[in-house]
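> Residue numbers (our numbering), protein chains in the order written: chain W, 129 to 237; chain R, 84 to 197.
Because the hints were derived from the structure by calculation, they are not lab data. Don't take each hint at face value.
[As the list claims (entries may be wrong)] Which residues of chain W face chain R? A partial, calculated answer using Cβ under 10 Å:
| # | residue |
| --- | --- |
| 1 | Gln134 |
| 2 | Pro138 |
| 3 | Gly187 |
| 4 | Phe189 |
| 5 | Gln192 |
| 6 | Lys195 |
| 7 | Tyr199 |
| 8 | Ser201 |
| 9 | Leu216 |
| 10 | Leu220 |
| 11 | Glu223 |
| 12 | Leu225 |
| 13 | Gly230 |
| 14 | Thr234 |
Glycine is no exception: its CB is placed at the ideal position from the N, C-alpha and C atoms.
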Amino acid sequence: QKEVEQNSGPLSVPEGAIASLNCTYSDRGSQSFFWYRQYSGKSPELIMFIYSNGDKEDGRFTAQLNKASQYVSLLIRDSQPSDSATYLCAPLSGEKLTFGTGTRLTIIP
Amino acid sequence: DGGITQSPKYLFRKEGQNVTLSCEQNLNHDAMYWYRQDPGQGLRLIYYSQIVNDFQKGDIAEGYSVSREKKESFPLTVTSAQKNPTAFYLCASSIGPSSSDTQYFGPGTRLTVL
């Protein structure tokens, strides 16, 4: 069983719509959860992180965490073509991040 | 400019040769990390260091070595013992290893072994 599971996609979303990215994890000791965006051929860049159950909003991005269900998600509102990238979910347990394989998101103009 | 630099951006080496990848940060971060990314896969942790002169193995340390002689530098050597060294190598740093410390990534080095 994979430690961090993400739908590999590709996930296609019309411009202006909401993109929903999901992630499940197996380590119940995970304390914080990070979302990174990675453009093709580039390094990951931080979108946001969350460590408390519930929602956390930052601009067009909302992270949702449910530790009981071992589930974390990222919503992107008013999707733009520049949001087309691979999104990596990474729970932090102890001092180490564990990355999922990422979900490739394509925003259709 | 504060940030993390990795050099070179692209590296080609013959099979059987050792190669050292550079990672430097001027963010005054204590913790530094090396990851490897293969096509279609997530990042996998090779080595990490929380403090100068100390480092720990990650999940895939075999065939790699590191040093941490200075706070700002964390070079990675890919040895000839690494069976499949061709990959995208990413260095990251964070203020410290606590649960809220974000890891920031350098631009990466793409290593191809011929």
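> Take the hints in turn and mark each one as holding or not.
So, going through the hints one by one against the coordinates:
For Gln134 of chain W, the suggested interface contact is upheld, since its CB lies about 8 Å from the closest CB of chain R, less than 10 Å. Look at Pro138 of chain W: its Cβ only gets to about 12 Å from chain R, farther than 10 Å, so that hint breaks. At a threshold of 10 Å, the smallest CB-CB gap from Gly187 of chain W to chain R is about 17 Å, leaving the interface hint violated. For Phe189 of chain W, the interface hint is violated, the least distance from its beta-carbon to any beta-carbon of chain R being 15 Å, above 10 Å.
Restraint check, Gln192 of chain W versus chain R: the minimum CB separation of about 18 Å is more than 10 Å; hint violated. At its closest, the beta carbon of Lys195 of chain W sits 13 Å from a beta carbon of chain R; the interface hint therefore is violated under the 10 Å criterion. With 10 Å as the threshold, the beta carbon of Tyr199 of chain W stays out of range of chain R, its nearest partner Cβ sitting at about 18 Å, so the hint is violated. Against a cut-off of 10 Å between C-beta atoms, the interface hint on Ser201 of chain W is violated, since the closest Cβ of chain R lies about 17 Å away.
Using the Cβ-Cβ criterion of 10 Å, the hint placing Leu216 of chain W at the interface with chain R is satisfied: the shortest such distance is roughly 7 Å. With 10 Å as the threshold, the beta carbon of Leu220 of chain W comes within range of chain R, its nearest partner Cβ sitting at about 6 Å, so the hint holds. The beta carbon of Glu223 of chain W is positioned within 10 Å of a beta carbon in chain R (closest approach about 4 Å), and the interface hint is therefore held. The interface hint given for Leu225 of chain W is met, as the beta carbon of that residue sits about 6 Å from the closest beta carbon of chain R, less than 10 Å.
Taking 10 Å as the C-beta cut-off, the interface hint given for Gly230 of chain W holds, the closest approach to chain R being about 6 Å. Interface restraint check: Thr234 of chain W against chain R, minimum CB-CB distance 16 Å, threshold 10 Å, status violated.
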